[in-house]
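Residue numbers (this note's numbering), protein chains in the order written: chain D, 9 to 278; chain B, 3 to 416; chain W, 17 to 312; chain Y, 912 to 1276.
Read the hints as simulated data drawn from the structure, not as lab findings. Check before you lean on any hint, since a few could be wrong.
[Claimed, not checked] In silico EDC-like pairs for lysine to aspartate or glutamate, Cα to Cα no more than 20 Å straight-line:
#1 Y:K1057 / B:D129
#2 B:K130 / Y:E996
#3 B:K174 / B:E285
#4 B:K236 / B:E176
#5 B:K151 / B:E376
#6 B:K130 / Y:D1080
#7 B:K408 / B:D359
#8 B:K231 / B:D181
#9 B:K396 / B:D299
#10 B:K47 / B:D344
#11 B:K305 / B:E285
#12 Y:K1057 / W:D285
#13 B:K151 / B:D370
#14 B:K389 / Y:E996
#15 W:K200 / W:D250
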Amino acid sequence: MTTTHGAPELRVEDVSVMFSGLRALDGVSFTVRPGTIHAVIGPNGAGKTTLLNALSGIYRVASGRIMVDGQEVTGLRPDRVVRRGVARTFQNIVVSPVESTLDNLMVGRHRLTRSGIAATALGLGRGEQRVHEARVRDIAEFAGLSGVLDRPAASLAYGDLKRLEFARALCLEPRLLILDEPVAGMNTAESAELARLVSAARDALGLTVVFVEHDMGVVMSIADRITVLDFGKVVTDGTPEHVRQHPEVISAYLGAPMESGNDQVAERLS
Amino acid sequence: MHKSRTLGLAAVALASALAVAGCSTKAERAGTSSAAPGVSDSTIKLGVLMDLSGPFAGTGKTILDASNVAVKEINAAGGVCDRKLALVTRDHGYDPQKAVAAYDEMDPQVLGYLNILGTPVVTALRDKIEAKDELAGLTTFASTLLGDKHLIVLGATYDIQTINGLDWLVRKGELRSGDSVGHIYLQGEIGENSLRGSKFAAGKLGLKIVGQQIDPTATDLTSQVNALKSAKVKAIQVDSTPKQAASVAAVAQAAGMEVPIMGGVSTFATSLLTTSAAPALTEHYTRLSGLGALGADTAAARKLAAAWTDQYGKAPEASSGVVHAYAMTKLYAEILGKTCEDLTRPGLLKARSAVTDFTLPGLLPPQDFSDPAEPSSREAQVLGVDKDVFAGVKPLGDFFASDLAKEYKVPSAG
Amino acid sequence: MTRGVEILLSGLSLGLLYALIALGFVIVFKATRTVNFAHASFVLFGVWVVAQTSPHIGFAAAVALGLVAAGTLGLAVERLLLSRVDGRKHDALAILTIGVNVVLTAELSWRIGERVLPLGAPWDGHVVHFGSVVLPLSVIITIITVPLLIAGLAACLRHTGWGLAMRASIEDREGAALAGVRLKRVSAGAWVTAGVLAVAAGIGLASFPSPGVAVSTGTAAIKALPAAIIGGLDSLGGAIVGGLVIGIAEVTVAEYQASLSFLGRGLGDVVAYVIMICILLWRPSGLFGAKEVSRA
Amino acid sequence: MPETSRLRMAGRVPALCALTAALVVLLALPLYVSAFWLNMGLFAMAAAVGAIGLTILLGAAGQLSLGHAFFVAVGTYGYAFLAGESGGGVSGLGLPPLLAAVLAVLLAGVCGLLFSPVSSRLRGIYLGIASLGLVFLGHHLLQNMKPVTGGFEGRTVVPLSIGGFSFSDQADVTVLGVPFGAAESQWYLFLVVTGGAALLGRNVLRGRPGRALRLMRDSEIGASAMGVDIRRTKAAVFVLSSMYAGAAGVLTALAFQRTVPDYFSLHLSINYLLMVILGGLGSVGGAIAGAVFVVTLPLLFSRYADSLPFVTGAGGQGLDGSTAAQFVYGAVVIVTVIVQPGGLAALAGAVRPLRSRRPAEASTP
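Please construct the entire structure, taking both the sequences and the accompanying hints into account.
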């Protein structure tokens, strides 16, 4: 797999999101440097998923700006955001259950392919599909899904589904990858494997990655930088070491110095 | 896999079987089309295409039953052209698609169509009937269907009935020049046809028509009647379903409107006399008809009513439906009788024009079918509601054709 | 002036009957996320029972029997058929109700035929005069009874265990299930209620000045469908507003049909749908329907 | 995966055999059976084309439409008006019938496009009932636009003709001793159109748009996160389905040889809905099977009412054929939804597990 674009920078500037009068995000600002893996953590209800939905255009932003490589994406519809090279996965798996794994992955090529309804009806665009299918098979192999390509998604194991979502996001050939709890519900070995995949994808494809995760082991092992949210506000933002030592983080959520891979901490945070 | 192969083999086998068995028959059938369909040495078969399961199933059954009463009489009297009449009946459920299928299926078996019920059905079939040179009796009084020699519209058409009705009201002094008349009518052939008549009559009589179009499914006509009330109408003409006509009468009475209500031929059903609308109907409602009523005090009506009761027990829902279907069957026999030596479809069409003075004394005024573009009669009769007579309605006078009705030009020029 | 009052009152009475039917749609939709296309045959079935029995046992007893019968029918449809389908497949459930409607309508049309069955209500044929305003007694009774019925329903939802369970399960299905709410009972209760409301509305529709029960009595339910949509399929208050809007619009259009003739004749049936589409363009979930918060 | 594909190929050979045999039967049929059967086939094929459009809309995209009858009417009247001649109270443009047929399909598409402010915004049952409004609106227009529609009486439909050959009773053609009238020649025309419609539909469903539609059905947000423009896609698929309905309308016009306004009712919309449900949502083959079932069942019941137990023929006093057909019809719908929500297509899928790759059942996560 080769990289085609440079990794972008993501700047979140003073973003607020309102839900029927409630401020779900309140002036959130942070910057994700090009090519880094950036984690967003915080207790349940802190606004992590809200943030990702705002980034990908699903939620309307009440104020503030979101910039990808200096270009504003605030207020764009999700499919427009995708065109700026931003792909994402969902916390609760969103796939077509009766479709095969391959077809689910091929949806990821939607924006990269052109053949519309009329052309497809007339049987045009098959060549295009063949070319893209080859690339999709490569990505599937990278994600370890080669063996289940022909199986309906509903029949896949949970771990495979999580990887399917991840691989599908890669199929969009993104520059900025957004992952919502990519390892939630996986066992330790599976989590480690997916964490390795995320790192490898970043390296091979030159991506910028933003992810939300409760598994502190994974966060600490792959994140270059961490933003901590609570009550819709940024508590702190910095390197894993910085966050681990931040007094507010410690006092507010941890009560004790954070250790990498500390089960208690993970439990407390999730 | 195995199954598919078996399936494939079966299909091939079926195809070859069809090839062997079927080939000859259809080609043969095509070759021997010289004899007129539906005619043998002993019988003449006529088609009846009715709604027996749809919204007008009741009407359809009534028509069928009445046709059978007439066929029985005709056959008992020796039949037509030394042959017995036989009916081939198919149900279309008021669905044009079913009607076309039923037509296709029965068409090779019958000489012509004694009776077809339902506007959408006639609409779907009329081009086919014309293409095959057939003669079809219709259960409708729409003057828009005149002008086609293949179709029989028996009696005064809706527009002419309405003209006669308004004329009658004026002559009785219920209406005078300058008055407004409400006209509640169904969308579709009955309503529009009747509206054409009421507008014509209004123009001549100096009346003003206040129209209210309704849908066949409308159940509550309060708003329509109230609108007429505020337009201060002096009479209401109704062309609707029987239930809607009853609703109009009841609402009008409830709203304190003491005006005569003149209903079109298809606005009455016997069972309405058991409903809460009965008093209002009895007091204000009269009905028009180009045909006699079973409740009439004539020998023919009493005879038919007795034959009906004999066969089916209770009074029919639609008295006019019985008379119409009975008369239509007698008429068709009359037409057949004029072409005994040429019992073909074209022969039948020719014989139709030869019927110029068909009448059933006491049931049907004289009918003239020589010009397909003209209504066979311009006479109508006003009927009143009476619980005590057979099927609930009785004539309030003789058949008459007003001068206006004679003057009126039906829209069948096109 | 007199005319205006009459239009308003008859529109109100018709609208309230539509509202009752619309409430039946809404309550089923709230509980099962399904539109009950069999509602028309529920209406017809209930009034048919009333009309069949009232000559023998009297009107009041017949109404009670009709209510019980339609409630039972609702329960039977829910218990015997709908509960066998995966409740998340809303479209499948809707189709199932179409199937139920086909069977029930076939049976009832076959039995009723073209007859008009008198309802035998004591207010049949009676009119009331208020000064120059003349109205059928049934209109007055509708205007008084229906709001009481609706208030009763609202009280039920607010204060009974079933009502609470119902409301909880609408807020959060899984949460309610976890909290011990028996979704089965909620859904069954909704179907019974829908059946009862259907008959109540049907009695109004078949009452004087309408001559009685005929096959077309059930079609009013199709007219109430836009009413339910206008208000928002999951809003009880919306159903009432929607019903009144449709009822008054219908009466008004009929009143001014002559001056609206440039739009073609017979506008009354279209007007409800035109209003509905306009409102949906403005608010895709109806006036008071819950906006779906987009969350994957 | 060469192994699986070889398996699939091996599975296809007998299937191809069956297909060829079926084709032979279909091609030979007009030589043997009467107009009753042929016309029934024409109605079934016309319905099948419309059902394919609806199965793409509802089965793949999850957009419920009860307005299908309206677009079928647009196709029917579009063709009748464009190809028809003026006279007898109606006007017409007198275009060449083939051109008129194509334009009528496009006209239905344009009507679908005009509805896109609604169809792109709503989903599920709200769209279903909003589109139901179209049926009533259409009914209103049919009654009132007399010069175009002929009002309640409808208007005559010009038979289709291609290169001088007319698909009507006027064409004086005899094949193997069998005179080829409207029913016989149109049979082949309808076969070609239905086959083409099925092929195009299958291509759409298997290709890029089909995948996007199905993800949109399962999750609009998920689809938009894949770059699918939801509103545009909803509008586009609605237009596509309208065009299918328009084509069905043209075929319906040709099959009836006259426009019949009462045919385009809510009942027709519901019938289309039942065709795709019974057939299996999202499956082209299922839609065709569903159409054949829904169209032929009542016709056959009426035809053979006399020979069925418990059912009386026309005019009898007991349960009549059409009512019995309604019972069976309703019962089949109920049983299908309860027992086999995937419809006929899923049933076929269960018989042939090899083809389970594209199950037709629609479900949400």
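Structure-based check of each hint:
1. A threshold of 20 Å between alpha carbons decides the hint, and for Y:K1057 with B:D129 the separation of about 19 Å falls inside it, so the pair holds.
2. With a C-alpha separation of about 19 Å, the suggested pair B:K130 and Y:E996 falls inside the 20 Å cut-off, and the hint holds.
3. Taken as a hint, the B:K174 and B:E285 pair is honoured in the structure, with Cα atoms around 16 Å apart against an allowance of 20 Å.
4. With a C-alpha separation of about 8 Å, the suggested pair B:K236 and B:E176 falls inside the 20 Å cut-off, and the hint holds.
5. With a CA separation close to 11 Å, the supplied pair B:K151 and B:E376 stays within the 20 Å bound.
6. The straight-line distance between the Cα atoms of B:K130 and Y:D1080 is roughly 10 Å, inside the 20 Å bound, and the hint therefore holds.
7. Between B:K408 and B:D359 the alpha-carbon distance is near 17 Å, which keeps this suggested pair within the 20 Å criterion.
8. The suggested pairing of B:K231 with B:D181 holds, with an alpha-carbon distance near 13 Å, which does not exceed 20 Å.
9. Straight-line distance between C-alpha atoms of B:K396 and B:D299 comes to about 8 Å, which keeps the hinted pair within the 20 Å bound.
10. The straight-line distance between the Cα atoms of B:K47 and B:D344 is roughly 15 Å, inside the 20 Å bound, and the hint therefore holds.
11. For a cut-off of 20 Å, the pair hint linking B:K305 to B:E285 is broken: about 28 Å separates their Cα positions.
12. Of the pairs offered as hints, the one joining Y:K1057 and W:D285 holds, with about 19 Å between alpha carbons and a cut-off of 20 Å not exceeded.
13. With a C-alpha separation of about 13 Å, the suggested pair B:K151 and B:D370 falls inside the 20 Å cut-off, and the hint holds.
14. Of the pairs offered as hints, the one joining B:K389 and Y:E996 is violated, with about 53 Å between alpha carbons and a cut-off of 20 Å exceeded.
15. Under the criterion of a C-alpha separation no larger than 20 Å, the hint pairing W:K200 with W:D250 is consistent with the structure, at around 19 Å.
Hints 11 and 14 from the earlier list are contradicted by this structure; the remaining hints agree with it.
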